[in-house]
Structures are given as structure tokens and as C-alpha cells.
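Enquirer: As a plain string of letters, each chain reads:
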Amino acid sequence: MSELFRLPANDLPVRHPDTTAIWEILETVCDPEIPVLNVVEMGIVRGVEKNTDSLTVFITPTYSGCPAMDVIADEIKAALKRNGFENGVVKHQLSPAWTTDWLTPAAHEKLNVYGIAPPAHTTAEKNVLLGKNKMVKCPRCRSEHTVMVSNFGSTACKALWKCEDCKEPFDYFKCI
Amino acid sequence: MSVNSQQALFEYALRLGDNALILGHRLSEWTANGPILEEDIALTNIALDLVGQSRMLLSYAGEIEGKGRTEDDLAYYRQSAEFRNALLTETDNGDFAQTIARQLFYSVFADQLLQGLQKSTDATFAGYAAKAIKENAYHLRHAAEWTLRLGDGTDESKRRMQEGVDKLWMFTGDLFATTEADMQLVSAGIVPDVSTFREAWLKRVSDVLTEATLTVPESNWFQSGSRNGIHTEALSYLLGEMQSLARAYPGANW
Ligand SMILES: [Zn+2]
Chain B
0 MSELFRLPAN DLPVRHPDTT AIWEILETVC DPEIPVLNVV EMGIVRGVEK
50 NTDSLTVFIT PTYSGCPAMD VIADEIKAAL KRNGFENGVV KHQLSPAWTT
100 DWLTPAAHEK LNVYGIAPPA HTTAEKNVLL GKNKMVKCPR CRSEHTVMVS
150 NFGSTACKAL WKCEDCKEPF DYFKCI
Chain V
0 MSVNSQQALF EYALRLGDNA LILGHRLSEW TANGPILEED IALTNIALDL
50 VGQSRMLLSY AGEIEGKGRT EDDLAYYRQS AEFRNALLTE TDNGDFAQTI
100 ARQLFYSVFA DQLLQGLQKS TDATFAGYAA KAIKENAYHL RHAAEWTLRL
150 GDGTDESKRR MQEGVDKLWM FTGDLFATTE ADMQLVSAGI VPDVSTFREA
200 WLKRVSDVLT EATLTVPESN WFQSGSRNGI HTEALSYLLG EMQSLARAYP
250 GANW
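Residue numbers (numbering that gives the first Met the number 0), protein chains in the order written: chain B, 0 to 175; chain V, 0 to 253.
Just chain V, with the same shape it has in the complex (with noise of 0.2 Å):
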């Protein structure tokens, strides 16, 4: 593997694991925080998922680079910069609605990244994908049931929902964002080209979000940065909540 090829492949590890680290951190806010008992679990369960997958993920990233990383040093001692998630799955819980919204956008994502990734011709991301993409299936799932539920419900969940989708609606373009280094990537056969999946996309969630009476926002304007470290504010939060006892406790085991 040439160096480029080893950077590129380290990057992807990080993009991967990182988004289901993120993600997965956000949901985990919801503990003892979901609106009933049952959206408490089942909030915590798919975060449970992630951030399983983000260990695998973080492993084999550290494992790329080949300077002896592990998957908690990947996680704890990074800096917002160093991050490679999508600025989706940093974005604020909200509401539940705005956090339905969320998984909505990701989860469909998700599903076609996996089924492309299931094919990659390197080992660990097709193990990887075709384990993920078991458990998406069932995320997605559930976002799309709440969004008809919430969409097509009374007036004040149907308010909700609009707004959690109009409000994350520009950071759903940074989901689709690829670097040079992917296309190398790509053309390897290693992993599939996201930009292409944007179109389908569209259709799968404009037709969740028709279905369930929702407007498709129009608004074409989407922000752009995580591919090179640049992210919300929200991130900076996360990581400072998430890696605080870690830091204050370099090295310590529980």
C-alpha cells in the first residue's frame, strides 16, 4: 500500500467511525431523557449499535495508521479538527421530532452506503457493512414510523417535526461529500462513491416526508467543512462532555 493509499484508507476508517461515534454519543443523551419509556430504550439501543460499531471502525482506523492508536485514542484524545464525522451527526438533539428528523436523514444515508460498502474489496469494511447494515435496517425503520406518526399526528407534532426537518436540512449535503482521496478510493473498488447516492436519496426521504404530510424543504443552500475538520460549535460541546474523564483521567480502566 503506498502512503497516499494508506492515508486515504485511514481517512475513510476515521470518516466511518466517526459518524457512528458522534451519532452515537447524541443519542446516548436521551438516557433517562426519551419522551416515554420505550423511545428511551429504543433511542439508547441504537446508540448502543453505533458506538459498537464505531470500536470496530476506530480499531481498524488505528490499525491503517500503523503508529499504535487505539480505538480510545482515537476517540478521547482527538480535537474537533481532527474529527471526520458528518455535521449532521453532531447537530443538537432538539426536540424529539428534530431527533426522529436526524435519524431519518442519516439512516437512509446510511443504508445505501452500506449496501455499496458490503462489495468493497477490502475485508474489514465489507465485514463491517454487512453487519451495520443489519442494524441500520431497523434504525431506519424506526425513524421513518416516527416521522409518519409525528408528521401525520396533531398539529403541534406535526409543527415539530417540520421544523426539525427544516432545520437540519442544510447539513444533510456534507453527508454526500467526497474527497480527492476517495476517488481513489472508489476506483480501487474499496469503497462506493457517495455523491452518486444524493439523487436517491432525495426521492427515499421526500417520499417518508410526503407520506407523512411533511413539505420537502427547497432550500438549496447546504453547508459544507467536516471532510476538512471544519465543524459547528456543536462538536466542540460533544467532544468536551464526551472526553472529559478520559482527559482528567489519562489511562485510567473501569
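Next up, chain B with everything else stripped away, as it sits in the complex (with noise of 0.2 Å):
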């Protein structure tokens, strides 16, 4: 079987005590295109395994073809390394699917303050994808007098949407 695959399908993944010192290094490394999120808060952290002499850091793919991956993977290393994990590996999973229920409250916060409007439903919500977009708030204004202009935008995650009050176009964090 892949490697892809070793870990369980659990939707959150576990934090072994030993490994509470390698979760906070990851904690420092942002995600390159949401600066505000770090890699564990986006959900993109999967799983760390740590033995004597090895440590691995599991991580998944937002969308499949998300191009921030290698970065990213290189500045886990990057971190680790500078706090004395010289060989840290970085192996990706992808069962899991990530979802964006993965994100915080807090982190759908950070995203409003940086000026992206966090999801507004849960997955769980059939209407999500039969595209009955529930109301998204302005992230500058907080209206709720919004429009999609497409489900497509800046980046994989992402879809644009204007403020009819404000008038200021802005970036959807679209739910999957």
C-alpha cells in the first residue's frame, strides 16, 4: 500500500505528549498564502511520529493541486532543523480528505481580521454543494449584503465575492 495511507482515518489528528515540543515548532511555520493561519491551525499537519532516532511529520494537501505543498514542507524542515531536528522527514497523506471544518473558531477570526471571509457552513451542510451559498459577511464591513462574483479566486481555497456596501471585492474561504 502507499505511504500515503499508514496513518488511520481519524479527523483529527492525535497529539502525543512526547511530541508537544515539535507541535509547537510547528505552530511557527504560516501557511505561505494565508500568513495569518500557521500549518496546524489550517489543518495541513496530519501527524507527528517521533522514535529515538527519527521524526516524521505527516501533512495533507488542502486542495490536490496545491502548489504551496513543497513550500511548505520545506519550511517544516527549515523550522525543525533550526530547533535541533536535524533529520526531521516531511511524508504527505491524504486520507484523510482535508476539509475546511478543520479550521478553528479562532482561526475563522485570524481569516476575517486578514480580510478573507471564513467558511460559512460546515460540509455537513448538503446545500454546500448543491451551491446554496448561505450568507457571507463582508470581512471589512461585516455587511451581509454580499455577492459571489465565482466560485474560482486567488488560489485553490478561495472564491471572490463583492460587498454591495462597501463595495470592496474580497476573498471567500469556500467550504470543502
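In case anyone wonders, no lab produced these hints; they're calculated from the structure.
Since this is a predicted model, take the numbers as computed values, not measurements.
Take these hints with a grain of salt, some might be off.
[Claimed, not checked] Here are the computed lysine to aspartate or glutamate pairs in the EDC-like style, where the Cα-Cα straight-line distance is at most 16 Å:
1) B/K76 <-> B/E108
2) B/K157 <-> V/E162
3) B/K161 <-> V/E37
4) B/K157 <-> V/E37
[As the list claims (entries may be wrong)] Covered by chain B, per the in silico footprint, the following chain V stretches (three or more residues, Cβ under 8 Å):
5) 34-42
6) 125-139
[Claimed, not checked] Some chain V residues near chain B, calculated using beta-carbon distances under 10 Å:
7) I45
8) A46
9) D48
10) G51
11) Q52
12) S53
13) R54
14) M55
15) A122
16) E144
17) P249
18) G250
Here a beta-carbon is modelled for each residue, glycine too, at the ideal position from N, C-alpha and C.
These two chains come separately, so use the hints to put the complex back together.
Expert: What follows is the structure, given as C-alpha cells:
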């Protein structure tokens, strides 16, 4: 079987107490495309495996074609190295598939402040995929008077919206 | 795994990977050529999803084959007769309406395929499908919305949308082609039987076309061949461009 799928498909990564220091290092690595969130908050880090002489960090892509994955892997390795973990290895894991449901409420608020409207639904709500968008609040003036311009935006994970009140366009972090 | 079932699994992984790679490459040709900026971005985002999917599938195909071929070896150093993508995916972009018709036909099919593949006993296929089905939902929605907008739009947009649908119809049958080797995988619970999808596909596509005030083609003749590596000449031109850099500078890194 492919190495991508070695970990059990539970939803939230288990943090073994021995790896707390590693998780803290990982929390200093930002997402290159959304620098207000770190890779742990983004749900990109799926697990840490630490043995006496090896350290492996498992990451998952937000979208299949996410071009930031290589940069993220390099930055994780560099951060580990800076903190004395010379031989950290980063492996990719596909399952379970990444979902915006893993973004915490704190992450939602950071996105808002940064100017990106956070996902308005959980993916458990079927109308997400049927295209029935719930109201999306403008991250600038918090108006509810907004319209979608395009379901595809500046990066794979975002859609393009605009606010009818403050007239500004904004990115919306779309549910997946 | 017996030699036969290993070969069957390899062929199937190629089929999936080549569909994503070739359609993704075709869509990437819209970069800087979209009718409006938002569509330029939309089509190339869809291309990015598909090319990303093809990377995991072709890597897996190389692993199954066990001869050390990487995703790049499989993408850049095979001839057209070695590709297993459905004929629909290699067709020229045509105008925007024709591209939308292809997206509609393909993403309805992909939705069915991925739903079945999510239940695969093969963990890689199941993991891939669980990820790709979410991306495909956006592709499908995009295609259906544009079909409605163009079909039920101006006389000109309707004419073009209908022409796109009519022109590509003959390539839709090949999506459902199955081989004897596939049937081994079907009985092992590794892949769904796509030949059983056709009626439901026709229903879903017809519903969208009808709502868009378009006519569902009546032609019953369908071009086949992709599962045996028999492609249209469009694929050769596509590969000529896609593979030129890798073949001119073998092993180059950038
Ligand atoms: Zn506003």
C-alpha cells in the first residue's frame, strides 16, 4: 500500500504528549498563501511520529493541486532544523481528505481580520455542494449584503465575492 | 497480487491518472485566453485540481508497476498509444461553450465514478476519490451553471452551446468503456462498474441540457478506442506540446 495512507483515517490528529515540543515548532510555520494562519491551524499537519532516532511529520494538501505543499514541507524541515531536529522528515498523507471543518473558531476570526471571509458552513450541510450559499459576511464592514462573483479565486481554496455596501471585492474561503 | 491483477490495477490507475492529466492540460491552455478574467481563473483552477490529482494517480501507477517509473516518466515519456485517457478529455477546447460542454459531460461522469471509488477496497483509490469528489463538485457546478447561462442566453450563446454539445456527443460513449481486466477489479470491490453508470449519466446531463433549453442529441453512434490506446489525432498534438520540454532536456529540474 502507498505510504500516503498509513495512518488511520480519524479526523483530528492525535497529539502524543512526547511530541508537544514538535507541535509548538510547527505552530511557528505559516501557510505561505495565508500567512495569518499556521500550518497546524490550517489542518495541514496530520500527525507527528517521533522515535529515538527519527522524526516524521505528516501533512495533507488542502486541494490536490495545491502548489504550496513543497514550500510548506521545506519550511517545516527548516523550522525543525533550527530547533535542533536535524533529520526531520515530511511525508504526504491524503486520507482523510482535508476539510474546512478543521479550521478552528480562532482561525475563522484571524481570517476575518486579514480580509478573507471564513467558510460560512460546515461541509455536513448538503447545500454547500448544491451551490446554495448561505450568507457570507463582508470581512471589511461585516455587511451581509454580499454577492458571489466567481467560485474560483486567487488560490484553489478561495472564491471571489464582493460587498454591495462598502463596494470592496473580497476573498471567501470556500467550504470543502 | 497475481501478475494479471497487478496489470489490471496498473491500467486502471493509468486510466484515472491520464483522464486527469489530459483534461487538466487541455484546460490549462485557457491560461490568459479566458473570455473574462474570472473564467480565466476558474478554468485554470480546475486545471490545477486535475493536474494535482494526476500526480498522485500516476505516482501510484508507477508504484504498482514496480519498475521505478515516476509520475514524470509516465506523463512525459509515453507515446499516445500508451495513454489510457477517455477520448473526450483530449478533444480540442474549441470555443468557451465547447469547453463547458466537455466539462459538463466529464464532471457528471467523474461524480459517479468517484462516488463508487470512494468505497474501493484499495486504500489509495478510496483516499483519492474522497479528496477528488469534493473538488469535482465545484467543477460540476461551474459547468452546469454555465450550460444554463449560455443555453438559455442569447441566440449566439445558445447556438454555440448547442454546437459544442453536438460536436462532443460522439465521444461520451467512450467514458463508459470497460475491459475484461476492469471486471476483475469490479468483482474484487476495487472499482465500480462504470458501464452501469450510463443511464443515470444520460438522465443528469439531459436534465441540465433541457433546463438550458438545449436539445439532447439523438445520435447513437459513439467513437471508442481509448482503452486500447486508440486515440484521436488531437492527443498527439497535445502530447507534442506537453512533453516537448521534458524530452528536449531529459532529467531537467526547475
Ligand atoms: Zn463591505
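Enquirer: Does each hint fit the structure? Answer for all of them.
Expert: Tested hints:
1. Distance restraint check for B/K76 and B/E108: the Cα-Cα separation of roughly 28 Å exceeds the 16 Å cut-off, and the hinted pair is therefore not satisfied.
2. Taking the CA atoms of B/K157 and V/E162, the gap is near 32 Å; set against the 16 Å cutoff, the hint is violated.
3. With a CA separation close to 13 Å, the supplied pair B/K161 and V/E37 stays within the 16 Å bound.
4. Our distance criterion of 16 Å between C-alpha atoms is met by B/K157 and V/E37, whose separation comes to about 13 Å.
5. A count of 4 residues in the region 34-42 of chain V with a Cβ less than 8 Å from any Cβ of chain B is obtained; the coverage claim is therefore met, three being the minimum.
6. Interface restraint, the region 125-139 of chain V with chain B: holds (10 residues with C-beta to C-beta distance below 8 Å; minimum three).
7. For the restraint placing V/I45 at the interface with chain B, the shortest Cβ-Cβ distance is roughly 7 Å, inside the 10 Å limit, so the hint holds.
8. Because the closest C-beta pair between V/A46 and chain B is about 8 Å apart, less than 10 Å, the hint holds.
9. Hint status for V/D48 relative to chain B: holds, with the closest Cβ pair at about 5 Å, below 10 Å.
10. Taken as an interface hint, V/G51 checks out: its beta carbon lies about 3 Å from the nearest beta carbon of chain B, inside 10 Å.
11. The interface hint given for V/Q52 is met, as the beta carbon of that residue sits about 5 Å from the closest beta carbon of chain B, less than 10 Å.
12. The interface hint given for V/S53 is met, as the beta carbon of that residue sits about 9 Å from the closest beta carbon of chain B, less than 10 Å.
13. For the restraint placing V/R54 at the interface with chain B, the shortest Cβ-Cβ distance is roughly 8 Å, inside the 10 Å limit, so the hint holds.
14. A hinted interface residue such as V/M55 counts as satisfied when its beta carbon comes closer than 10 Å to some beta carbon of chain B; here the least separation is about 7 Å, so the hint holds.
15. For the restraint placing V/A122 at the interface with chain B, the shortest Cβ-Cβ distance is roughly 4 Å, inside the 10 Å limit, so the hint holds.
16. The beta carbon of V/E144 comes within 7 Å of a beta carbon in chain B, closer than 10 Å, and the hint placing it at the interface holds.
17. With 10 Å as the threshold, the beta carbon of V/P249 stays out of range of chain B, its nearest partner Cβ sitting at about 22 Å, so the hint is violated.
18. For V/G250, the shortest C-beta to C-beta distance to chain B is roughly 19 Å, which exceeds 10 Å, and the interface hint is violated.
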